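Participant: Read off the chains here:
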Amino acid sequence: MTLGPVLVLAALLFSMGVYGVLARRNAVTVLLAVELMLNAVNINLVAFQSALQTSQGVGQIFAIFVITVAAAEVGIGLAIVLLIFRNRRSANLDDFATMKG
Amino acid sequence: MMDFTEPVTWVASILGLVIALSGFLVVTSKNLIHAALGLVGALGATAGLFLVLSAEFVAWVLVLVYIGAVIVLFLFGIMITRAPVGYDVDLDNDRKLIAAIGAGSLFVLTSFAALDSFGDTPLLGLGEPTSTGDLADALLGRFVLPFEFVSFVLLAALVGGITVARKDATPLGEGTDE
Amino acid sequence: MTNLFLALAAEGEELVEFGQGGQLHEWAWLILVAPFIAYILILAYGKKLKYEGGEIAVAMMAFVFGYGLLLWLDTIRNHTVFEKAIEIGRIGDGMVLEWGWVVDGLSSMMYFVVGTVGLLVFIYALGYMKGERRNTFFYASFSLFAGAMLVLVASANLAQLIVGWELVGVASYLLIGHYWEDKANSSAGMKAFFTNKVADVGLIIGALALSVSVGSFRIKDILDVATHHGDALGAPFFGSSVAVAGALLLFFGAMGKSAQFPLHIWLPDAMAGPTPVSALMHAATMVTAGIYLMARMFPLYQEMATAARPIMIAVGAATLFLTGLIALVQDDIKKVLAYSTVSQLGYMMVAIAAGGYTAAVFHLFTHAFFKALLFLGAGSVIHGVHSNNMSDMGGLRKYMPRTFWTFIIGSGALAGIIPLAGFFSKDEILGTLDYGGYTAVLWIAIAGAFVTAFYMTRAVALTFFGEYKGHGHPHESEGLMTVPLMVLAFFSVVAGFVNMPGFKFGESIVLRYTGFTEWLATRDFSPLGDHHPESLEWSLALYGTIAAVGGIALGWMFFGKDAATQQERDTVSIPVLYPLLRAKYYLDDIALALVGAIKGPVARFVDWTNTYVFDTIVNSFGFAAGRLGKFVYNVADQGVIDGVFNGSAGVASAAGGWLRKIQTGKIQQYAGALVVGAVALVVGFVLFNN
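Respectively, the protein sequence lines represent chains U, F and P. With my numbering, the residue at position 100 of the first sequence is 100, and numbering never jumps. With my numbering, the residue at position 112 of the second sequence is 112, and numbering never jumps. With my numbering, the residue at position 462 of the third sequence is 462, and numbering never jumps.
Quick caveat, the hints were computed from the structure, so don't treat them as lab data. As the structure is a computational prediction, the values presented were derived from the model and not from experiment. Each residue gets a CB set at the ideal place from its N, CA and C atoms; glycine is no exception. Among the hints, a few may not be true.
Covered, in the sense of this in silico footprint (three residues per stretch, anywhere, with C-beta under 8 Å from a C-beta of chain U), are these stretches of chain F [what the hints assert, rightly or not]: (1) 43-52; (2) 98-105; (3) 160-166.
Same shape as in the complex, but just chain U (with noise of 0.2 Å):
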């Protein structure tokens, strides 16, 4: 078995974490199509780990940061969906447009 494949199974989870991030209205559905792009991400580094064999396993390494710093991405991206939902009573990215120009 090659790379390829695997490669493209996660091109197409990180496309469809793409998707969720910019489709969803739902403010913790998109922080799950968030964890859907990292998990991709997770996929090519241990995918290359397996193809080259890296010493120590540099792959792996990383995949576990990766994996610590979304835990850490979704306490505090919850914490902060928690707090809008509190203040806003709404959890609907399209009414936190203080931005608007």
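Put chains F and P on the given structure of chain U with help from the hints.
Facilitator: Structure of chains F and P alone, referenced to chain U:
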């Protein structure tokens, strides 16, 4: 490109199919809870794929951290924000078509670029376990500084999350020293 | 912190050691760790104690003082040069990250200064901060501040130095903005942090350029290459060599921390913090960091980066003179002292750039004592009259005799009155400039000495002489505050005696003692090769003294008599320069305009462009069209042409409205634009790479 005489190819293909379908569910489902469960499916299948790719430690980290903790966090977030549990047509905005075109072209381009450059690189050591001990050595040896920093980032993010989200969000120190 | 790394070291990491030292040096890391332990202890237990954690801070500082004193005494006696480093990681193949401490002449002198001034300021703070808000947090940050400076001073490599450097910045931000209830104070903290951050970029790039070229973060290795004119630093780099570029970038970093013109703008605003903070910041920590860095890297500037010197001299000279002038028109007593610090830092920078290592470090040493004294004295006055403004003071010598006398000593030392500490160090700087042939700068420095004496006389006259103009009854401060003042006054008198050039009468030279120069020898560099005159050069000393006495006399002439209102008198006394000085050369406004133009996310910039540029264009089109239409209306046809012009105005206005609509404020549309841009980039790569 794909040799279907090997059983490992079958396993990987099925897992890839599950990942793709669950991912699709995440971004299209009209039910928030279903979307979150779709993410569980995608992540679980990814963990399986990692096992195939001989990265069993990362796979179990994924299961423990993501499926165990992050998804629970998401479910709590969904419930607390009182998002409509059940079908909701309002979950997508009116830019679906543009988003689909953008994401689609991104997919075509990136997969083309990836196949063009790395399409024929063989994957080595499929289905064999790596030594988790090696990983531990690297993590606590060569990468100990980044590792500490990342854990610090995680701690700071969690403290920050609590500070942001707690109900009595008064600034620190106010009214405590007077 | 070091504990962690020691624990790592125990597991087989490499220990690197240079020079010989006894147990005393082996354990010197204790003074780096003590402040951080105190920081944690104060935060944990401070609130329950009588002084809200101040005791712990003072005890820690007393330990640092004692250990620093021992180290310095040992260095004086044995000229020990000791350095120890623990490997904590590697970058790539060759670069080693280390944590270490250096005990040599320069660093142990700094330990002593930080310990002494720090201890006295901490004791003073016990009295000054009594009954203030958030004292526990204050003492904790204060310990952190001192600890950060010690980490910086002790660093054996540039990576650790950057860590200490940034910690100093963070701690200063916390302390300057201590009274954050007032918006101006937290803004002052921000200003200090950002101005320093701008300069830090220079430091970081410079440090990386030097370290990567040499292949080691160790200051020793870099200076070894520098002294042997190695190829690693001689490589071309943007039109000059790596050495010159790196040296200039380090200097840019020092310009921020050591408040050199025009990056000095943060320091006067930093007065927003409590007075003990100002005293420590101006005397022992923070602003001396830049000078310390220059002194530590001195062989680089001496050997390979001489091309950087003219720039440094120009910046230093501009700093010492221009900021001294600003001090003339300040009403806030702390701001007078702040600008005076900036001016004195200019002296040190000029001295370093002219090759006067000893002169600069000696001035740093004496300045630490008398500037701490002046700040603490000002704090005592402020404590007594509850105002920072000298227009609310006057006549205080009757009410606060101890503060008055110590303040006089500090002012005399700053003005350079023989035989106080400032005289000897300033004379050494003048001697260096003279020897180096920098005649113009020499005269600027002498003029600067005149200005210094002038504004200090003004400050003393307005504060302590004349009639009391404030409200309430001023009172002398308590012993916790006046005792440190007296100790510092003692140091301000005697600190100069450690490096006396000797006085020549006929054939014999009396009172010559240059111990300080020998003590300062570091591993990389011995200042004994510096220019040291055989004896005091009477002509220079005479000029310096004439400038000082002249400044005092003139200042007394103008300000000795009781002034009706301060501003009137200043306007009369300094007629032409006054508006310029009052506005501080408009530097703040320039900085604000610069920051205003580049701050904020791009969206905000685009928004701004929309609101102002596009709208203005659209509006002016509409306006011009309207005017033109009216003109045509008046001159020629009313019907058809008028309608066309109105229509064009309408179209233009509609176009503006449409452009405005792009800024929906919907994040996902922005993200979409991002994706489109990324796709375009990928397309570009794929197309043009094949």
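Participant: State for each hint whether it applies.
Facilitator: Do the hints match the structure? See the list:
1. 43-52: With 4 residues close enough to chain U, the hint holds.
2. 98-105: holds (count 6)
3. 160-166: Held - the region 160-166 of chain F has 5 residues with a Cβ nearer than 8 Å to chain U, which meets the minimum of three.
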